[in-house]
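When you get a sec, could you build the whole thing from the sequences and use the hints?
Same order as they appear, the protein sequences are chains V and Y. Take the first sequence: its letters are residues 1 to 225, numbered as in UniProt numbering. Take the second sequence: its letters are residues 1 to 225, numbered as in UniProt numbering.
Misleading hints may appear alongside valid ones.
Treat identical chains as interchangeable: a pair holds within one or across any two.
[Unchecked claim] Quick list of in silico lysine-lysine cross-link-like pairs, DSS-like style, CA-CA up to 30 Å:
1. K215 x K136
2. K150 x K56
3. K56 x K153
4. K224 x K150
It is worth saying that the hints were derived from the structure and are not from the lab. Owing to the predicted nature of the structure, the values given are computational and were not obtained by experimental measurement.
There are 2 protein chains.
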Amino acid sequence: MYEELKYWYLRDHKLFRTLSFSQIKQLCIITGFKKASKGEIIYFSSSDVPRIFLLKKGNIKIVALDNNGNETIKDIIQKGDLFGELTLETDNKNEEYAKVLSDDVAICSFLMSDFEDLLLRNPTLALSYTKFVGLKMKRIKNNYANLISKDAKTRLYQFLKDWAEQEGVREGNSVAIENYLTQNDIAQIICTSRQTATQLLNEMETNQLLNYNRKEIIIRDITKL
Amino acid sequence: MYEELKYWYLRDHKLFRTLSFSQIKQLCIITGFKKASKGEIIYFSSSDVPRIFLLKKGNIKIVALDNNGNETIKDIIQKGDLFGELTLETDNKNEEYAKVLSDDVAICSFLMSDFEDLLLRNPTLALSYTKFVGLKMKRIKNNYANLISKDAKTRLYQFLKDWAEQEGVREGNSVAIENYLTQNDIAQIICTSRQTATQLLNEMETNQLLNYNRKEIIIRDITKL
DNA sequence: GGCTAAGTGTAAATTAGCCGACATTTTGCT
DNA sequence: AGCAAAATGTCGGCTAATTTACACTTAGCC
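The structure is reproduced here in structure tokens:
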């Protein structure tokens with residue numbers, strides 16, 4: 001892979017914008033690059049050396065298996081997001097993997113140890129990164145707070161609002177979202193059963209709140225959610 | 001307040017152990033110190049300049065008010081823990097405050113901006129701090145995962161196990177915990193109603209699993225939880 | 001010491017939403 | 001085109017846990 005390209009891949013991320021070309025290059029020397037298509041599973045937890053990943057294109061979900069072998073969705077990662085050992089702590093027990101949701105994805109990765117070195121040499125980057133992790137924490141906290149205190153309906157509404165805000169294409173008050181999730185995925189994200197999610201989505205369709213199909217969700221009036 | 005004392009207060013925290021005396025001193029110049037007693041409320045969200053707090057003695061709970069004005073427990077902070085704007089981002093909308101649980105507490109604080117300066121000058125500290133925040137995030141994630149997928153009983157058991165591990169005094173298989181929480185507090189932490197919590201605790205008492213009173217909880221056999 | 005508020009105990013009614021058990025539709029694959 | 005697998009739709013029973021409601025106990029305060 002051309003050094004130049006790698007440079008731009010990282011440079012693109014707001015976290016790395018303060019870095020010089022040579023600094024990025026240092027980080028890039030050990031950068032891996034990978035393409036994968038829908039349904040593929042990418043192990044990153046205990047696979048080999050701890051890495052940090054950057055999703056360049058597409059969408060993936062981070063999945064963990066509970067004791068009964070059920071999939072639990074931990075996170076949805078979108079284009080531009082970092083994932084992996086973000087806490088810079090190797091985590092042996094957590095058996096997590098990533099599953100590709102969109103048609104195809106592009107992922108770059110770098111070694112955690114190299115990233116640590118870079119942070120040590122670039123205090124500004126270290127500070128940005130700390131804030132970045134902190135922000136992620138805050139997002140997670142808010143998500144969970146919603147999950148716990150609200151009922152399924154409210155959770156679904158909130159999820160749709162968030163999704164619309166992050167990825168939706170707005171036209172007036174209506175928002176179109178590319179739908180790469182199944183109803184089962186949505187159910188898992190908002191922590192309810194598939195049946196309940198289906199029911200709620202159909203109810204919303206009946207009430208003219210949205211149009212749902214497997215490719216696209218159109219929220220008629222985002223302000224009404 | 002004597003410089004020396006402040007030095008030891010911070011030095012005591014594992015996060016700051018790598019720092020030299022002069023570095024700690026720099027951080028300390030602007031350190032505030034405060035004592036408070038049971039029931040007192042300490043605002044830190046939007047009060048004045050953003051600060052980071054270190055709880056030196058006692059226990060507090062971080063509480064947020066939801067739209068209906070109900071208290072929601074966000075976190076329980078124990079002796080030695082940091083709290084406040086840990087993400088280094090000033091957070092205007094979140095209206096949170098701390099409430100003192102134990103008879104009395106001692107808190108030191110420093111300005112976020114000073115802490116940022118220190119991090120910029122000490123990349124090693126910055127890295128440690130990132131890991132620290134990361135660890136906190138992981139803990140929160142696990143907590144929430146428990147809250148969501150388990151029933152009230154399991155959640156209570158897990159909470160008691162965690163509490164016992166963090167603060168309990170073990171004697172053989174029995175663990176004594178100083179009980180500074182009301183049953184209502186416990187209910188809020190494990191996200192259930194007060195009545196359910198009461199019922200479960202009494203059930204455990206009947207089953208000889210523990211002895212409960214307002215001052216102390218004794219878990220008969222921690223291995224049986 | 002006595003009063004008030006906070007904390008605890010208990011029970012019945014109600015309910016959200018999980019679960020099992022299907023039928024139907026859509027998709028991807030050869 | 002035709003098949004199997006995945007995704008979606010729908011229903012009713014079941015259960016944990018919330019809610020409402022009230023009695024009792026303890027702690028703190030004048």
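Checklist line | Violated hints - listed by number, lowest first | finding: Hints 2 and 3 are the ones this structure does not satisfy, whereas the remaining hints hold.
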